[in-house]
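**Student:** Which chain is which? The protein sequence lines are B and U, in order. Position 353 of the first sequence, counted from 1, bears residue number 353 in this note's numbering, the numbering being contiguous throughout. Position 346 of the second sequence, counted from 1, bears residue number 346 in this note's numbering, the numbering being contiguous throughout.
What the hints contain is simulated information worked out from the structure, not anything from laboratory work. Bear in mind the structure is a predicted one, so any value in this text is a computation, not a measurement. Warning: the hint list may mix true and false statements.
Since the list gives no way to pick one copy over another, a pair counts as held whenever it fits inside one copy or between any two copies.
To be verified - Distance condition first, Cα-Cα at most 27 Å in a straight line; then the derived DSSO-like pairs of lysine-lysine:
#	residue 1	residue 2
1	K136	K540
2	K350	K300
3	K552	K626
4	K350	K256
5	K638	K461
6	K300	K279
7	K540	K256
8	K407	K374
9	K401	K25
10	K285	K403
Protein chains: 2
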Amino acid sequence: MASDLQSKLEALSINPTVLSHGPCKNLAEWHAQLDSVIPQPDFEYKLVKTMVFKPKAPKSETAPLIVLVALEDSQTPSSTVCKAVGVKEARLASEDVVSGVLSVSTADVSPFSITKENASSVKVVLDKALLDYPGKLGVHPNDSAKTFFLAQKDIQRYLLGAETEIDEVDFTSEVYQTSGPSTVGKSEAKKAVAPPPQNEKIEGAALIGITVKKELDFPGWYQQVLTKGDMLDYYDVSGCYILKPWSYTIWEQIQKWFDAKIKGIGVENCYFPMFVSSKVLEREKDHIEGFAPEVAWVTKAGSTDLEEPIAIRPTSETVMYPYYAKWIRSHRDLPLRLNQWNSVVRWEFKHPQPFLRTREFLWQEGHTAHLTFKDANEEVLQILDFYAGVYEDLLAVPVIKGKKTDKERFAGGLFTTTCEGYIPTTGRGIQGATSHCLGQNFSKMFGITVEDPSSKEGEEKEKLFVWQNSWGLSTRVIGVMVMIHGDQKGLVLPPRVAGHQVVIVPCGITTKTSESNRDLLYDDIKQIAARLTEAGIRVKADLRDSYSPGYKFNDWELKGVPLRLEYGPQDAKKRQVLGARRDTGAKAAIPLDNLTDSVHELLETIQGDLYKKAKESFDANIEIIKKWEEFVPALNQKKVILMPFCLEESCEDDIKERSKRTDTSEAEDAKAPSMGAKSLCRPFNQPSGLVLGETKCLACGKDAKEYCLFGRSY
Amino acid sequence: MASDLQSKLEALSINPTVLSHGPCKNLAEWHAQLDSVIPQPDFEYKLVKTMVFKPKAPKSETAPLIVLVALEDSQTPSSTVCKAVGVKEARLASEDVVSGVLSVSTADVSPFSITKENASSVKVVLDKALLDYPGKLGVHPNDSAKTFFLAQKDIQRYLLGAETEIDEVDFTSEVYQTSGPSTVGKSEAKKAVAPPPQNEKIEGAALIGITVKKELDFPGWYQQVLTKGDMLDYYDVSGCYILKPWSYTIWEQIQKWFDAKIKGIGVENCYFPMFVSSKVLEREKDHIEGFAPEVAWVTKAGSTDLEEPIAIRPTSETVMYPYYAKWIRSHRDLPLRLNQWNSVVRWEFKHPQPFLRTREFLWQEGHTAHLTFKDANEEVLQILDFYAGVYEDLLAVPVIKGKKTDKERFAGGLFTTTCEGYIPTTGRGIQGATSHCLGQNFSKMFGITVEDPSSKEGEEKEKLFVWQNSWGLSTRVIGVMVMIHGDQKGLVLPPRVAGHQVVIVPCGITTKTSESNRDLLYDDIKQIAARLTEAGIRVKADLRDSYSPGYKFNDWELKGVPLRLEYGPQDAKKRQVLGARRDTGAKAAIPLDNLTDSVHELLETIQGDLYKKAKESFDANIEIIKKWEEFVPALNQKKVILMPFCLEESCEDDIKERSKRTDTSEAEDAKAPSMGAKSLCRPFNQPSGLVLGETKCLACGKDAKEYCLFGRSY
């Protein structure tokens, strides 16, 4: 396709500047990708947004698609687009429709997707502002991982070359003109009036602030909250991200807490190499099948080709277990409980997302071996409780603990336990962390055995295969926390993990304030900070001279610092600080006298309230349904569903199929629409009322075994 | 060569079993490599050792080389070998000689190295025990990274095929027989008596103990101390090693200490991806030239070839600095001080060594940006002091701080400061950790600039390139500590980093001891342990029933636990424990009453004494020389050398050449012999007596600028 396009452009003597970067699925990500690869920071350009609409029409009649080609920042309400081409109503075309007609995916679509071949099945709506734009325009060459920079006339020339119908529209004018080849739309358009645009931008949002609404453009919001909140930056290798100190310190808090917990039960840390030979990697078949497609291979060192390619660990079962076989010689060597804090690589080709799906990610992986199933099983649940603790006690994120169904179980394991979270804005469930019992499957593959200690003296000692667990928690937890607590002003961090729990901002300093008075104020603030630090509170005194209090407020709100303390001359007189909660915005004066206690309390209150709020919204969105007909509607209301289930894999596949949404109007989440529901877990805490042998699976009518939690998910 | 050999063997219808593994340069490593790749743990075999000797003979006459082919565990004193072939004296042949005649390196040499072509220039001494061995024999096919398993008759058949002269020798009998083709050696041999073999093995060393002498086979000793001391295991990807909890916990101690130090001066932790695009990696030319030959490349994910290969970071300058350019917008963003604890990959083809040279290693890398040289320079030295602190305060290892010469400086940097250590047993210097000032070189490459804050209002603001540092400390520190403090009983760990500082072993329990008395004793011990833990001491109560006190003593001595406390019925009566120091072996009773204070003191004493001892041996081996003629002799006495030096690179190259040792008799260190001396550093603490313009460089006679430290080095 690409080279094909190249030759076409050359034929038209169009010579764009070409840049390669990571794939991107919306304007925000596109900009982020370009930022990290454009050499000159001051390079001036605008991006071209290309959107495909499907007119609402009776199945019989297949109306041509509408392709909108506009400047990134033009307001282009779909209603106006419809008017221009004279259709009543149109919706964003589904992935299938787009690739069906234009043979590219929605993310890759561009003016170049229109060719002589498909010209007859599309109409183009061309933004006049684009035709008037004098600078460079960025366009995807049918590949979201590349950008062509060219002039508007080049785009125009290409489209004319494709001999498609073009409607030129001035979205800025109330009554807009259309020009170009005569169209049905034209005449109507003349009289048409553009309705107030459905606006995803926040009017007058300061540029440093979040400029899109969490509810209307969640991916855009998430991306802005992370980058403007200083958590993360995009990186020029797709699927990889930079963890900046503000997010890494949260990871450090989690490490400190969890590391103490596991050491408390006798787990030891170690480090195994990141490389694994193919021979070893592929020892356990089911297991590797689960990972093979995502394994990154090193084949060269310097300019030398390696004799055989070496894999980068996607997880360390097969890396470690040959040595478990070597080290475990007797039941006295059990339990063997090792953990490592490392990074693993899973080269997924699905769309990457910061923290949630990244090609390299930080995590801990625990790998333990036990003499009996009982010991292994106890540990699996113990660890799962620690994971729930990370979410609920540290991150103020409620989770539901349970078992995965066989379909969703860890490849090669016996059973998988999980903490499942929920993102209200998208109504999608998210797997929080998993603790696997591997049973004896791996110990049989790798020959990890001990002699049965219970066998009597003299008699033939029986070989026992050890029971194994593996369990992992990754930086994904940070993404979940951000999605749940973050708001329109940016991040909202729970006190227990925030890098700074408190920030102190000097206020009421004016040009009239004498230097000495200012210094006095600053000294007070330094003392206050010292007292809080003394009391074990992570505090920051923001004494930057060059910024106004207002700027500082925004800045720390973006970063989600739980508590802001304002201190000015008036407060000094009253021996108080003014406290402002990040989560509620509530303000109250706090006397300096028992400041540290008050702050401690307040931080704990904030921590508790964050959890309560999230818990309420989770609970409110779990629907226990009584018949299958309620399933899809509940999903479309962004709920997760508890229903009696037969636990059969075929039925689970079937549920996924039947719950795929065909309605594609929702813009809020490009991936959700067509997505079917997955089983999230079989909650340990089961609703009452399921009678074995009586209650039926709502999906297939066979006997139900358990209530199972279903939902669209990440 | 290999395939050539294959066909030869097929011609002789010899069909060995072939195993591939990492390269290895002695029997210990060979076994380690095989252990990690041999499928069945119970596979029975012996290795064939092949040693090449050069008869001492006047230059004129070139006597044939002697190739000894023997069972790995046969005692084969060189004198006996000489007798067998009738030469007075012979020495291990140098690398050059071996490759010259057999066209393979010493590490790769095997019976298969002998061919019809070179048969006339060698004599083979064949171990009778080998010919009698019924099982599988392991032989390198002229490649130490492979092992062929075959029967003794195959080896015999091969050698006969090569038509070389073979002397069969029974090393077990005092007066041995030789057979095979008549030789000069034969007749003499008959009457010859084997002298007591020069024995590197320790008579009657328990198998769990260290079986080779530190002074006689340092590499073998190092390998045993690490594996038997439970620090590390060999891994089936060459150059990679497993850090077991016992060594990893030392790393954790170091991390805790150093992390607090750098956070104290305002450094923040973060995480950058391990992957870097070739485009970015190669941005800074000098820099990448230094690393290019060692860079590992990912070219495949799953079964998909990547569009362009992606590198794994060998270090993160080029990974991070494009983002420094993006993040640093004003002098207010300075200093920017980031650190990451991660692993990097340098695919060296030199011989790997645990901790010292590994293809993946753990480290921290700090990368900072400053407004002025002054700020950068202060930090470089501050960090170097922290590094010296890790060595001297934590690891009890003395180091010399100084600057690297231009020849040894970090690629692309302005200057490099370093801590240099010294390994007495080999007499080699070792680079401990380096703190680099990068100057403005990288900021110019990556365009990291700020506006000059000093420029006046209104006037044209000047762009300033920031000043940068980078500094790193790796797990190498652990290897240095082991080499310096370890002794014939195994590891000796400094208290401040030891996983267990104290181990308590119950003693005096006999078959007569009643269960209740034993329980009482155990309860006491648990209480003692609790008290010590309470007092912040890392203590282990070894209550394993199935092991004798003697076994436990050996076990914890191998592991280097600083202090052992013995507690038995007698001690209980006397309200005391018996303390045994690992470093000196000294024993003394410690009253239970102020136990914790006494133990605290004792541990500090041990820490101090370890340092003192190491410092004395370092100082005793630094020689300030007065004329060049003393240089090589001092090196050969395992010293490092301080001498007035011109600092010129050409002169440094020259010194390396002139100090290469030709005498190859020393077995203690396979790499040292032919190695020339490098400049280790220009010590900050200079000896007095150098007069600029007067004192001359001892190597070239030009004016000396400074005293410089030289030595053979790792």
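**Student:** Against which earlier hints does the structure fall short, listed by number upward?
**Tutor:** 1, 3, 4, 5 and 9
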